[in-house]
Amino acid sequence: MTQAHVLTIAEDFSRFPAGRFKDDGAFSGERFRDVLVERLRSAEKLVIDLDGTMGYGSSFLEEAFGGLVRTCAFSAATLHARIEFRATDKSLVAEVWSYIDAAKPKR
Amino acid sequence: MKRLTPKRRRYLMRVTQRRTARRRRRLFLQSEAASPRTRRVMRIGAPRIFGVVNRVNRLELTKFLRALTRAVLVQERRVRIEFANTKSMTPGGTLLFAAELNRIVRISKERLLSCSFPRDDVVAQVLKHVGIFDMLGQRRDCNVTADNVKYWRAHSGSDVDGQAAGEAILNYMARFSDPGKRAVYKGLTEAMTNCRHHAYQAERGDGLPSVNRWWMFSQELDGQLTVAICDLGIGIPRSLREDRAGWYGEIVAFLAKSGWTSSDGDLISAAIAIGETRTQEKYRGKGLMDIRTVLDELGGSLQIHSNSGFYVYEAKTKKATWKTFDASILGTLVIWQVPLPAPAPP
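Heads up: the protein sequence lines correspond to chains A and B, in order.
Counting in the working numbering, the first sequence runs from 97 upward without gaps.
Counting in the working numbering, the second sequence runs from 749 upward without gaps.
Quick look at which bits of chain B chain A covers, simulated, 3 or more residues with Cβ under 8 Å: (1) 902 to 912; (2) 921 to 930; (3) 935 to 946.
No wet-lab data here; the hints were simulated from the structure.
From the three backbone atoms N, C-alpha and C, an ideal C-beta is built for every residue, glycine too.
Make the full structure from the sequences, and use the hints.
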């Protein structure tokens, strides 16, 4: 496992992220969550750059980040320790953390 | 030859008239029973104004759309749409018409639609520019020159297509601030996501197949950008009533607490009000809030038409008003109108 990894969504995923589930489209939150899980498995610390895309709908962000807690067995505390966000719009970072903190693991 | 008495002459004239009437009736019934291709063409007059906000215009438009759909898809009639009286086409009403036509064309097995050429030049330009003439097989040439027409853009799809949302606003990108661009993109993609998840979960209510698509227009006019997106699904109020979003109990409690009814308008407003405070996945109201958030960045107004419900929010006053019309659009239509900053000088 490497020490830190930078994931730039606009370059490493898409400039047009949209939708919640895989069925919704090619660049949905659920698809991006697969990328996140893969990167979290290979690096101890993940720096996620949110800039450069057209924007994010709440269903994309909730499924990608809230879904890490809900379906991928990551706790909110673990994610706070292992993920750092970069964004010029600080309210976007707060929004993402709100989804992570509000999500409940599925039993 | 024996000369006919006046009485006999009148009798024979009556007999001839009856025979002619019977023959005409037989021929008419034969043509009715014939295939759509040879059957007489049904003429349906298009509304004077294609609009959804005014009660009378909305009623006229929805009646026209029902008549059109029924004639082509149920009765399998050949239909000619008469645009002679059409004077005005608003983005919302035109988008709804284009969506219904597109659905009819996709479902019907043969080309049953045609139209007359409108008397009003701007109406003709709109119909040409947004592809309605193509769907109706109208080949007459028409130059699109009017400022309130040539900047219309049309898109349609079935997926949550971020690229289409981006293209709808691409021409205006340089004129918006970064948060403004992100807000429009967020609103559009959430409207598509709502359509994908909720609109087509059941039959629409007109007994005909669905086509599971969204349709979108964008238009620049007089320093204002209008973006409209619609689906022809079950509508927000019905998806809430049938508890397809999984939170109708909470809506019912909210309606009771607020002293509201369960009319379409009240239901849409309640869903948005509850969504303001929610972050979790099951709350459709969060997506509806995203649709409204566009205005926090850019100002302007938002209209949500869903079935008979109509919700409007003005950013300037931060006030929402809503009502329930008699006429249902049988689907959902979202319209943003935001001020567009002037282009930078070259």
